[in-house]
Amino acid sequence: MNRITVFRYELKRLMFSREYLLLLAAVTAYSVSLLRGLVLYGVNYTAPFSLLTFSTYCYSLCPFFFVLLLVLCARQFKTSERGAEAIIKTTCMPFHIFRLVRYGAIACAYLFAMVFPFAACFLFYNLIFNYTDFGILLLPGVLIVVPPSVFLFGASMLFGNRKPAAIYIMLVGVLVLSAFKIPLPDLMDIIGTAAVQALYEGHDHAFSAAFIAGRFVLMLVGFVSMIISLYKSKQHYT
Amino acid sequence: MKPLTEERNGCTRELRVRYSTYCFMKEYFGEEYARKHFTDVWSEGWNTYKNAFYIQRPEYLEKLSDNDISNITGSLQSIRLYNIMPLMMLNGEKVLGGTQAFQQKLSELYLSRIGQPVTYDHFLTATGLDREVIELE
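Note that the protein sequences, when read in sequence, are chains Z and V. Mapping the first sequence onto our numbering, position 121 (from 1) lands on 121, and the numbers just tick up by one. Mapping the second sequence onto our numbering, position 47 (from 1) lands on 1047, and the numbers just tick up by one.
Think of the hints as simulated: they come from the structure by calculation, not from any bench. The model shown is predicted, which means the values in this text are computed figures rather than measured ones. One or more of the hints may lead you astray.
What the hints assert, rightly or not - Derived Cβ-Cβ restraints for the label pairs, each shown as a range:
#1 Z:Leu139 <-> V:Ser1043: 42 to 52 Å
#2 Z:Ser33 <-> V:Ser1043: 52 to 62 Å
#3 V:Phe1029 <-> Z:Lys181: 31 to 41 Å
#4 Z:Val176 <-> V:Lys1050: 32 to 42 Å
#5 V:Gln1104 <-> Z:Ala179: 49 to 59 Å
#6 Z:Ala179 <-> V:Glu1137: 36 to 46 Å
#7 Z:Tyr168 <-> V:Lys1050: 44 to 54 Å
#8 Z:Ala25 <-> V:Tyr1110: 55 to 65 Å
#9 Z:Ser33 <-> V:Tyr1110: 44 to 54 Å
#10 V:Lys1094 <-> Z:Lys181: 40 to 50 Å
#11 Z:Arg36 <-> V:Ala1101: 44 to 54 Å
#12 V:Arg1057 <-> Z:Ser33: 46 to 56 Å
#13 Z:Ala84 <-> V:Arg1057: 55 to 65 Å
In this text, a Cβ means the ideal position worked out from N, Cα and C, and glycines have one as well.
If we strip away everything but chain Z, and leave its shape as in the complex, we get (with noise of 0.2 Å):
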């Protein structure tokens, strides 16, 4: 079976599901709201395309891009899938490099479902303050957003494998923790919520190397995860 064709058709089937199409237009009122009623005004009297600003239009926007990442993951675990996976493992394709090509079609639905309020926000931006320097906006907001999603995923796609449960666990606990805005250690900041509070309050005018050094062991525990449930589940149903 070509990779390639079954990479479109896991894309397509999680693209037209009706969670992802439900979450991605939560997403995109959400992040209109935003635009219109936190950005146009800026955070602490900032500028709208300042640091603070972006940097706050981010974080707001993380339990939705989460939720919506665990949802997807949560999918693969569903009793249906598990069944087809045994008609898989007859096919001539290694049940590992399977996975990993739905692994592939799970980023590439969820960077476009993230990428959507970025687009959204530096368009705004361009249209409204005639403001293009992107550039120094675009770092804090991966930094912001993408560790803790390749965290979340890589956990998810663990634990979910052993059992599907763990993930509506971790959706609840982002869900707790972005909702009562509990900030965690700066090496561990999921949602963002201590690195905000520190430039909201002035502190820095940049991120702690804490948080910065927290968002790489994350995306290292996330990529470790991510293999070694590969590994894990080649393991299984082999």
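Based on these hints, arrange chain V on the given structure of chain Z.
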């Protein structure tokens, strides 16, 4: 910077409340307490106001809708009313030679206008202060 709208009805009432609360706290809990909980907070508000993006770059306001402009200026006016104007009153105290002299003028003003609105212009006339003299820099 945007022009003052202290002439707005009710603003002197709010100002009087802020200033009298500050004076009461200074008298009751001491100068240190009043500084920490009032003047420092007002000074922080003044710093926020003068560094605010739409104060520094008012040309960007022209790009926004009337509703957004109204929301932004309303928010900035509230900083002016609750943080900057009390500091201006403290400047007025200094110019008039102290709290006692300033409060005497205020007392005369409010006694002369019982039951009538007191505008910022009434306040300036009664105290003999110039807008420019008490304005923060």
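Here is what the structure says about each hint:
{"no.": "1", "hint": "Z:Leu139 <-> V:Ser1043: 42 to 52 Å", "verdict": "violated (34 Å)"}
{"no.": "2", "hint": "Z:Ser33 <-> V:Ser1043: 52 to 62 Å", "verdict": "violated (34 Å)"}
{"no.": "3", "hint": "V:Phe1029 <-> Z:Lys181: 31 to 41 Å", "verdict": "holds (32 Å)"}
{"no.": "4", "hint": "Z:Val176 <-> V:Lys1050: 32 to 42 Å", "verdict": "holds (39 Å)"}
{"no.": "5", "hint": "V:Gln1104 <-> Z:Ala179: 49 to 59 Å", "verdict": "holds (54 Å)"}
{"no.": "6", "hint": "Z:Ala179 <-> V:Glu1137: 36 to 46 Å", "verdict": "holds (44 Å)"}
{"no.": "7", "hint": "Z:Tyr168 <-> V:Lys1050: 44 to 54 Å", "verdict": "holds (49 Å)"}
{"no.": "8", "hint": "Z:Ala25 <-> V:Tyr1110: 55 to 65 Å", "verdict": "holds (57 Å)"}
{"no.": "9", "hint": "Z:Ser33 <-> V:Tyr1110: 44 to 54 Å", "verdict": "holds (45 Å)"}
{"no.": "10", "hint": "V:Lys1094 <-> Z:Lys181: 40 to 50 Å", "verdict": "holds (42 Å)"}
{"no.": "11", "hint": "Z:Arg36 <-> V:Ala1101: 44 to 54 Å", "verdict": "holds (49 Å)"}
{"no.": "12", "hint": "V:Arg1057 <-> Z:Ser33: 46 to 56 Å", "verdict": "violated (25 Å)"}
{"no.": "13", "hint": "Z:Ala84 <-> V:Arg1057: 55 to 65 Å", "verdict": "holds (58 Å)"}
Hint check: violations occur at hints 1, 2 and 12; the rest are consistent with the structure.
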